[in-house]
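Asks: On the provided structure of chain A, position chain B as indicated by the hints.
The primary structure of each chain is shown beneath.
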Amino acid sequence: MIEGTISNRMRMLRFHKGEMSQAELGELIGVTRQTIAAIESGKYSPSLEAAFRIAHVFGVDLDEVFQWGVKGAS
Amino acid sequence: MAYREKAGWLSLFAMVVTFGPYFTITGLHSVPSEALPNLRQLGLFAVAAVVQAMILGAGHLYLRRGAVQEARMGLDERDGAIKRESISWAYYVPIAGTIVVGCVMPFNSSGWSIVNAALFMMIAAEMVHYGVVVFSYRGQA
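Sequences listed follow chains A and B, in order. Note that the working numbering gives residue 21 to position 23 of the first sequence, counting from 1, and the numbers run on in steps of one. Counting from 1 along the second sequence, just add 3 to a position and that's the residue number in the working numbering.
The following block holds chain A by itself, in its conformation from the complex (with noise of 0.2 angstroms):
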């Protein structure tokens, strides 16, 4: 099986999403703040429904949010 990280662009989105807060984006996802912030520091992965729901929020497509890269890629 092919190892992999995924990260993301979240932090960077909800700034110039007028410094949206953890909360507000829960709230708009249907997940709590901590969610928000365990799925920002790439400590939870969202489901597929979820994700879409975060790139919908930010009106961006779903590989501008999430990035997933193999593990002992240069």
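It is possible that part of the hints are untrue.
What the hints assert, rightly or not - Computed spacing ranges between beta-carbons, pair by pair:
id: 1; chain 1: A; residue 1: E17; chain 2: B; residue 2: I90; range: 37 to 43 angstroms
id: 2; chain 1: B; residue 1: A49; chain 2: A; residue 2: W66; range: 51 to 57 angstroms
id: 3; chain 1: A; residue 1: S19; chain 2: B; residue 2: V107; range: 53 to 59 angstroms
id: 4; chain 1: A; residue 1: A21; chain 2: B; residue 2: L42; range: 49 to 55 angstroms
id: 5; chain 1: B; residue 1: Q72; chain 2: A; residue 2: F50; range: 34 to 40 angstroms
id: 6; chain 1: B; residue 1: I102; chain 2: A; residue 2: V68; range: 40 to 46 angstroms
id: 7; chain 1: A; residue 1: S39; chain 2: B; residue 2: V107; range: 19 to 25 angstroms
Quick caveat, the hints were computed from the structure, so don't treat them as lab data. Glycine included, each C-beta is placed from N, C-alpha and C at the ideal position.
Replies: Chain B only, in chain A's frame:
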């Protein structure tokens, strides 16, 4: 700290301060097997159960006051994932308990020894369940 993590800590605390003393007292003063019903033992269990219910009731009221919106909100997907993981870990405790209490103990024990062993396995399962809950929330905080 997430509301549900606090609730997990509360449940762990309530079990430790009520059933900790219950099993300590029961272990120190072994109960005669033939004494069923044993009112002293029943009374001790009732005290532990009632105090646990009171701690949980008061604790949940207090926690809800501090996080009204979060408490009203149902489980989100991360909460659900943590709940499923904790239940899958805790599942093995009653399985082991059933083997010990239901299949082994009847051949060498009786009465309150079996009752208390069954209670212990139930509390142990709950401890594992809430232990995994708080551990998972801590790990993702």
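Asks: Checking against the hints above, which ones are violated?
Replies: Numbers 5, 7, in rising order.
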